[in-house]
Each structure stands twice: as structure tokens, then as C-alpha cells.
Amino acid sequence: MTKYAYYPGCSGLGTSQEYDSSTRAVCRALGVELVDIPDWSCCGSTPAHTVDHLLSSALAARNLALAENLDATALITPCPSCLTNLKVAVHRMSDREFRLQVNKLLDKPVDRSTPVKSVLQVLAEDVGPDAVAEMLPNKPLAGLKLAPYYGCIMNRPPEVMQFDDHENPMAMDKLMAALGAEVLPFPLKVECCGASYGVARKDIVAKLSGKLLEAAEDLGAHAVVTACPLCQMNLDLRQGQAGASAGRKFQMPVFYYTQLLGLALGVPQSKLGLSKLCVNPRLALDAMHAAQAEQREREAKSEADKQTLKAKAA
Amino acid sequence: MEVVDIHASCDHEFIAQVEAESEQKVRLCYQCGNCTAGCPYTFAYDIPVSQVMRLLQAGQKERLLSCKSIWLCATCESCTTRCPNEIDVARIMDVLRHMARREGYVSERNVKVFWDTFLDSVEKHGRVFEMGLLATYVAKTGRFWTDMDLGPKILPKGKLSFKPHEIQGKDKVAEIFKRFRETQQ
Amino acid sequence: MKIGVFICHCGSNIGGTVDAAKVAEAARAFPDVVFTSDTMYACSEPGQDGIIQAIKDHQLDGVVVSSCTPRMHEPTFRRTVERAGLNRFMFEMANIREHVSWIGKDKEANTNKAVELTGIAVEKLRQDQPLFAKQFDINKRVMIIGGGVAGIQAALDCADGDREVVLVERESTIGGKMAKLDKTFPTVDCSSCILGPKMVDVAQHPKIQLYAMSEVEEIGGYVGNFEVKIKRKAPYVNWELCTGCGLCMEKCPSKKSKDRFNEQVGTTTAINIPFPQAIPKKAVIDPEFCIKLTKGKCGICAKVCPTKAIVFDQQEEIVSESVGAIVAATGYDLFDISKYGEYGGGRLPDVITGMQYERLLSASGPTGGHVKRPSDGKEPKTIVFVQCVGSRDKSVDRPYCSGFCCMYTAKQAILTKDHIPDSTSYVFYMDIRAPGKMYDEFTRRAMEEYGTQYVRGRVSMIYPKGDKLLVRGADTLMGTQVEVEADLVVLAAGAEAAVGAPHLAEKLRISYDKYGFFMESHPKLRPVETNTAGVYLAGACQGPKDIPASVAQGSAAAAKVLALFAKDKLENDPMISSVDIKRCVGCGKCVQVCPFGAIKEVDFRGEPKAEVIETVCQGCGLCTATCPQGAIQLSHFTDNQILAEVNALCQL
Amino acid sequence: MSALAGKELRIVGFLCNWCSYGGADTAGVGRFSQPTDLRIIRVPCSGRINPLFVAKTLLSGADGVLVSGCHPRDCHYAEGNFYARRRLEVFKRLLPTMGIDPDRFEYTWVSASEGQRWQKVVTSFTEQIHKLGPAPRFGLAHEQNPATAAAC
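Chains as they are written, first to last, in our numbering: chain A, 251 to 564; chain B, 108 to 292; chain C, 1225 to 1876; chain D, 92 to 243.
Isolated chain A (complex conformation):
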């Protein structure tokens, strides 16, 4: 089995606990072995690169160096912000001069170039939606209408991220479709939600997240599904603020894609952390169950009709 060095990211210990725990559970269920990077530290996130690129790359690179000992196929992380920082560090350090400078800041220098990927990329490419669909012939999420939202930096810039289409990514769409969900063509898949300005400029986040929720609601989505802790927080926790900005009241559950994968795969609720979401996920799940019941009814009726026809013919 391939082994991956796992980097949870700081928010995985706090505001996105449920993303971390559901990611671990889903990986286990799908046979993806994760080994935590021992004593990992913060990648620097957005604040570091707004100060200096050397500092930012060094903070990320400390973790790259720690991962080298694990003899893993790749370093993977669920968080796009961590992903970007780690990938940009690897990208820039392909320049020898820059790598020397970064290594000067570190205790343990980076020797090798470890491939960095998102957990999503591993699930989409190494496991694959076909394999997932095969495990779930009953399509457990049938009837659930989803707006897949990737966030702005999961795929951009393409030269660095090298994953999926940068304007119309499909990795999450395909995984969700494999669960039986109805994936809507969400047009703002890669639009920014307001990123980390929630604290300092919540007006910005309210406006941008409001646009996203509006688009999802107008498409008739039961829920948004996302792969980014910051996006999830902006859309979920700040949904009231976003609604005020858009001039309407949203009731749109915002899932991590790993929660839905886990739900479909029958992962225990305690690992999924659905109760940690702000907007009640029941809203979406009830709609899904209602749709499923309706579908069953339709099937039963058409079956009954057939029987009647047969009987009549007899």
C-alpha cells in the first residue's frame, strides 16, 4: 500500500476538526495510509507570504524536511492554503540559489524534492471515482443536489498546482457523482470567498461569500460541498453576514467533501463531525431522503402499473 506523509494544518486542530477527522476516516476506509509528519509546524499560510517569500517558504519547508524521514510517496494535506504554501515552496526551491537561502533559515535542510499533493488529488487520481462508485452500488447520496466549490487556490496557478482544470475543476464533482449525488454545474467553482479577511474586513467576506451562496441557491442546490477549511468557515459560520450582504436569508448547509464521502461509506458519525457544522446539515439530508422516498414511490408505482397491465393482459 502506498504511504503518504500527512500534514493536517493548524485549523485541523481547531475550526476544521471535522475536516481532519473525516479525512482520516475516509482515507482509512479507502485504503490510503496516512502517516502524520512528526511535530509538524504551521506552513505560514497567507500572512507569511504577505511579509516575505523567504520566510514563507522556510516555514513551509521545515515540514518538507521533516517529511523526508518518512519515506512516503508524497506529502499530502487537506487544506488548499497549506497546499499552496508547500507547493510554492517546492516550486521556488527548484532554484538552487533560493533553496540555499531557505535552508540557511532551517535546522534541518531540505535535501529532496518531495511531491506535494492535496488529499483530494490522491482520492481523485490514486483511488478514483470509479473505484468509489464500485464500492457503493446503491448510490447512497442519490437525490442530494450539490454545488461543488473548490475555492480559488486548489487549482491555481496551474503551473504550480498541476492538478485538474484550473477554470472548471471536476475532481470533486466526479467523486460526489460516484456517491450518487446530483452534482450541479456550479459556475463559481474557483471564485474567491473572501479568504482570510473575515476578521479584519468581514464586509468583503460577506459580499463574496454572499455571491457564492446566492449562485448555489439559485441553482437549486441542497448544499455546498467544499474542500477548503477557510471557504467552509466563510460560507457556513458567516452565512448570516453573507445573507445580510446579499439581502436574503440563506439556509445552505456547507459540507466538507470528506464528510459526504464518509457518510456514503458508512463511517461512524463521531468521525464525520456533522454536528460541528453551523448550518444544520439535516436540511440537506432531509431533502435528500425526501427525494429518495419520492423516487422509490415512483418506482413502486411504475412497477405496480406494470403488474396491473400484465394482470389485465392475462
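Derived by calculation from the structure, the hints in this document are not laboratory data.
What you were told as hints is all true, and nothing was included just to trick you.
Among the chain A residues that face chain C by a calculated CB cut under 7 Å, a handful are:
#1 415
#2 417
#3 418
#4 437
Glycine residues also receive a C-beta, built at the ideal position from the N, C-alpha and C atoms.
Chain A is fixed; fit chains B, C and D onto it per the hints.
Here is chains B, C and D on its own, set in the frame of chain A:
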């Protein structure tokens, strides 16, 4: 509106510095406006990003380093990804921010305080301590009432720890910051 | 030997960074050099007279001119020395402009380099021999590849000049891109009204042999005597019997075929005549969609055809044609709009190309000339045009301007207003390129009289919002982001080289640029000639062009062909190989290696020897590099000459 | 041995008239500045180049040799560059047996339209030769007589 003496006011050294730090050629920009068109933050900017590029070509250092836009760019990479001339615009925005910091310009104080507080937290604990970060931010900015509405939503979820997640190598992380500061002197 | 050396200043082009006088002085020290001078413009009349005078005054046997590239003026100076009574091959050139003065600023290094380049030219000249051309017969038929408007024009002009023309067209009808257009700028005259009669002329002209649905498979030979193999693809219809009545199309049950003529706006029948004015007007079966050819059943067309023309087991065939000249007029293709993911082309049905819009506007198009958007057939009221889609964009490897998109967009905006008076059109543009006669006036009319809203800025993304398309762009003049809710978005797709163009260039042995456009001999002075004698270019295969420019080039290429055919004999280039029969051991390696079959084995007193067919040899020198005996030598580029140059360089 | 002592090394280029020579012209017309070391010998086709020319050039004291022809398949004479590629590839592998550093010889493909590519090729090859420094001299006369060597 002021009249700009485009010859006298063009700071060539500034252009060269931005080009060196960003590894981008600002002359490649032909002002198509695609960056402004795609930028989700244009509504909040005081100078749209395509005009940031134009002012940069014209060497207008003061106006650029004192503008709000460079503090409001979230590096969402829309501009970089769609630029027909393959300019890494987001990186240029980052570099302008670095220069503004170094030269003491801060047009969006709260943004800067948030970022600084974040990094302080990382330097101290090795990882971000979210609760501590918020507390310090509120203390520094005095913005006590902001986001009060969110408290009741998030606190019962039990996600925000009141204790930092210290790591063993936190001094190693602090060392990175220390050595970085030494390189800046 | 007495050699004269002339160093050209080329005004300041050379003189600016090379000390020409010093080069002239240094050249005096070279062996056999008896006269040197520096001259302001060697190629000017006084410059050439000076060379002639010096040849006479100093009884020179050979001349070296150090100036620009020999690819430019070698023929000029050869004529000069010939006028002074020398053999024109007793001349060498040193390139001290393109290879020296223009690429370096260090005058000392440049001057030194110019001296050395002059030195190797002198050494080569010392080994030169007078050469004399041979004459050969010329086949006065011409082949034109591509039946778009440029190829049609070239074909008609050549045929009117009383020459036999072979016109080869890949599609089942001629007409090319122009046949798909509704109207043409800047006159807004009907495209088929001006092209249609020309197409009929092609069909009627007794001197034109048309091969539609055919491709050039192989080209051999050389100027005056090309041998071409043409592949005639199988239309599954015997065209000699087909009357173009269209009964088969009416009855064909397979109606989901790709409608390539209509740019895939809608679908068509598996047996099809692309449009009513098609030339030749013959039916073609699309084997991908024909039920009979894919499933073995159906055959309705064969039943209804009144002339029994359907042939399901028809095979492609190869025909050979001999011609003396070839005109390439293969046109262009449109940029693939799906490469811009942010615009949704290919994903969103109401984001279409300008050419698709042209079919929607056309009375003979799939909507009968009523503008209906593809998704729901509604008439659009707000139409957004986006320019430079695949033009002036390095990120998609299309940094060049396609030239005609500004104009066709203005035309389409005008036509939109004519079709839908209560509509509003927005044009997002970067710059308006309208330098032709009456062109700028035309774009102004789109704005002033037709109320087209021009917005200066690019569009960043297009996405569906309800049943509309939200277009988000910039207005750089206002300095802000702008949004428009559109019913239909038309992307002004740029031009790129036709699919397969590089492959054809390789068959023609002509050069192409990195985008696949064919290279002309000289961008200004020889715009329709190529570096391969007897091969000419017309239209957009050389670079993006509008209709007037394509027609002009078609005529220009025809003029070149007619001029070539005005001679009864052609002269070969005497820089060809010859065999030293004493050294030749008859191993036959040169015979095998020659790409032109220009070397044959002959019997010489009972021994096999190689012999060069002088009018066939093209002077590549492959044989010379192959011959283990050094017995076959390429005149003017002999082993001794090249080694003399090497020696000169390594001794300096 | 250098053309301009201390500044330049002796680099000889054999260029096909139809493509790379034109590419060098295009670079000139575009004023794409290049190092001045290279001296170009024009040949009708890269297939005309006998590898012995290259050997002779290197043995005669050149510091580097660059051969440039048309891109594979795009030959004015249909197939000359294929022969060139075959010959030169074998030849490059033979160079070490002649005691010559194979990095002193490169062959490349540049078309007549690729002025910028030509500029890059010349610049990087010249840099490569400068990194290697002047070639060791084979003529004993030069080694014994430094004065002569300097004069070259």
C-alpha cells in the same frame, strides 16, 4: 485631478526593485484589463489591479505603496492565471506589500495587525493558536464588537481550544523567524 | 588570381558598429587581394558601378562584397560582376550586417569579426570555378492546393492566362471559409453573391481540372517538372452519376451527422450536400454516421437515387498529375475557443464563435437567417462580442494579431442590429485594428449609427445566471470591473494555421513558422514566393488575411506562375554535383542517398560509375558528404572550399 | 588562439542555408544581441556536412563547433537533415576517443523564422564553450612556442 509629470515622477529604481523581487517584467503588461475584470476584490480596491500595473510601469512609487489595494489582495491567483502575458500579477501585489511594510506604509491597519498577530502566534507556539490569535487581535485593534454574532455559533461546537497546541520544536520555528530577521538587517 | 574586396557601410547599418574602412584595409593583407575599398551602399547604382569599374581597372578575376546577408543580395551582385564580364560564380559575399553589426554593439569585436568573415570569403573565392547553367524543359501546368477564395482567384487567373490548372480541394466543395460567411466587410455585400459566380467559373472553365475531396499525398520533382500524387477520398457516391438533386438528403434517416459546413450549429444528414451553391454540387456520405456503413442496414439513399449513384463499397484512389508550378492556398483554421475555460466555449451552448454566428445570420444557414440562440432557440436581445480570443495572447501561444476579427465583429454588430432592431450589442476590445481602406470608417459606423457599445477591456469570465450569461469584464477607460447579462456571447476566435499545414509544407519542401504558417521568401519584396523554386503562396496559409488581401495574393501568385510559364526553357542552378570519374569506384552510395534520383549508374569501359543528371540535381550535397572517395563534389561547396574556410578561420 | 585575446574564443558554426542561416539573419533583423565569438560557414544543407569538417575544425584549434540545420522532417531537400542527424550523433559519441570534450560540439535545429531561438542557441553555446575555456592545443609547435600561440 493632479497632473503627473511622467518624466520627472517616474522612479526607475522602484520599477527595477519590483522587477527583481518579483522576477516579473512589468513592461509585458499591455493593459488589457483582464486582471481587473477577474479580480473578486475590485469592488473593495481604491486602485484596480490593472491600474496598479500601469502605475508600476510609470514608476509611481508613493501612490502604490500607500494604496489600500495591495493590502486587500487575497492572492486568489485569478489575475496570474488569466494574464495573457503570463505575468504573475499576484506575486507583484505581494512584493508591493513587502515593500510597503519595509517602508512603513500601512493603509489597512486591521489587515496588517491580523497578519502580524497570526505570525506572532506561529512564532510563539509553532502552530497557530486560533483562540489566542482572536483575543490578541481584538486587544490590539479594540474591535471588540466585531463578529460578536459569531460567538454563539462557534463556541458550542467545541472546536476552538482555549489552550495552544504547542509543538516540541517550537523553538526551532522561533529560530526561523529570528534568522529571517537577521537576513533583513 | 586577382581579387577585389568591397566593404559596405550600408549607411549606418554596418558603419555604425563596424569600422568599414579598417576592414577594407585589413583585407588588403589577404592572399590574392589586389584591390579593396569601402563603400556607402554597395547595392546602389553608384556602388555597383564602382565594383564594375574596379573589375575593369584592376583586371579582377573575382570579387568579395562584405555587406548584408547573401540571402538578400547575392543575386544582385552576381549580376553586377556578370555585367563586368566575369562569370557570376566568381563572387563571394560576407554577411557583416545580420551576422555582425546588428547583433553586437562592441565595435572592436565587430570589426575584427567582419575582417575574419571577409577573410573566409576570400579563401572560398580562391577556390571558385566559373559555372554555367544548363537548360531544361518546363511543364506549363499548375497545381493549386486549396479552393478557398485565394485558390479560386489564382486558379481563374492562371486559367485565363491560358494555362492548365489542377485545383485540389480537401472538402467536398470549393469556397473555403468565405462560402460560410453571410456578409463581408466593409461593404456588407453578400458573400455568396460575390463568391458564388467565381465558384461557377471554376466549374465551367475548360482549363481547370477540379479535384474536390482530395488531398495531396506526395510531391516529387522540382520547378518545371513536379510529379504529384493526389488522394481522392471516397464520397461513397459516383460523382459522375450524381446530379445533386438532393433526394437522398430528404430521405436519409440518420439526421445526427456533424454539420461541418454549418460549424456544427445543429446537425445534418449522413448523406449530404453542404450548401445549395456547392461546387461541385455532389452528395457525400459521412461514414461515421451512415447507418448502412456502420450497421450494414438501411441503404435508403441507394433506393431513392434516380441515377443509382450510391456506391457503399467505394474506395479512395490515387491519381498522378505532372505540373510545372504549385500554388499553396490552404487557408487557415479558427482558434479552438474551448481552450479558454473561463469563457465556457464548448461547455455553454450560447457561447459561440464568430463563424458560428455567421451561420446563424446567413439566410442559407441552419436557422434560415433568423438569429436564434442554440440553447433554446430564443431571439437574443443582448449580445456580447469578445475580441482577441486566441489572438495577442501569449498564454495560449497565439501572440500575433489575427487582423480581421475587429472588422468581422463590427460587421456582425451591424448585422445584429439589422436582424434584431431592439437588440443591444456590446463589444469588448483591447485595441481596434482597422487600417484598411474604408475599414476604420466602418467600425465608426458600428458605433455611431448602429449604437454598438464598445467597451475597452478584456473579459475575464462568462457563466450562466438563470437563462442568461453573466459576462464579467473590465472597462479600463472607466477603470473598473463591469458586468453584462447577455443572451448570447460571440467570441471573435482568431486565426491559426490550417490543420496539417506543417505536414504539407514538408511535402512541398518549404519552410513554416512556429505557428504553422508558410514562410515567404522575403516579407516585403517576395511575399508570394517561397524558397523552393516553382512553389508559391496565396492567402491565409502564409499568415492571417482578410478577403481583399487573400484575393490580391491569389492574383499575385498567378502572375508569378504565368511569368515562370512565359519561358519555354528554364535554366538550372549550376551549383550542382559532378563526378570525378577517375576517383569513382562505382559503389553506388551516392545513387542511394540522392533524394531526387539525380544520380544514375553508367557503364564506363566495363566499370560502373556514377553520373549526375545535371538538370535534376538540386545541389544539396548529400552525395558529396556520403562518397567515401571524395569523388563526387558539389560545385561551389566542394570539400576543398569548405576546408579552406575552416583553415582560414583557424589560422587567424 | 582567441580572435580577440581574452574576450572571445574560436567558435565555428556550419549552418544550413535554408533554415538556420536564415534564422541567424532573422535574429539580426530583429537586432537580437548575441556574443561575437561565433563565425558562420554557410552550407546548402546540414546533410552536406561531412563530420570530418567538424573534426578538422576542432583539431585545427577551434574551441567549439556548432552545427545547425532544419527541424526534422522540415528539410529543403526532403531528407538531408536526417542523414546529418545520424552522422553527427555517431560523431559526437566518437569525440572522446579523439581526446576532444564532446561538449565542444553541438548540433541543433533552428528554422528561418526562429530568430529568438537562434539567439538563445548562440548565447548558451558560447557560454558553454567559455565554461570549458580554450581548447587544449594539439599542434606541438604552439605549445613549445608560447609567442606563436599568443599570436593566434
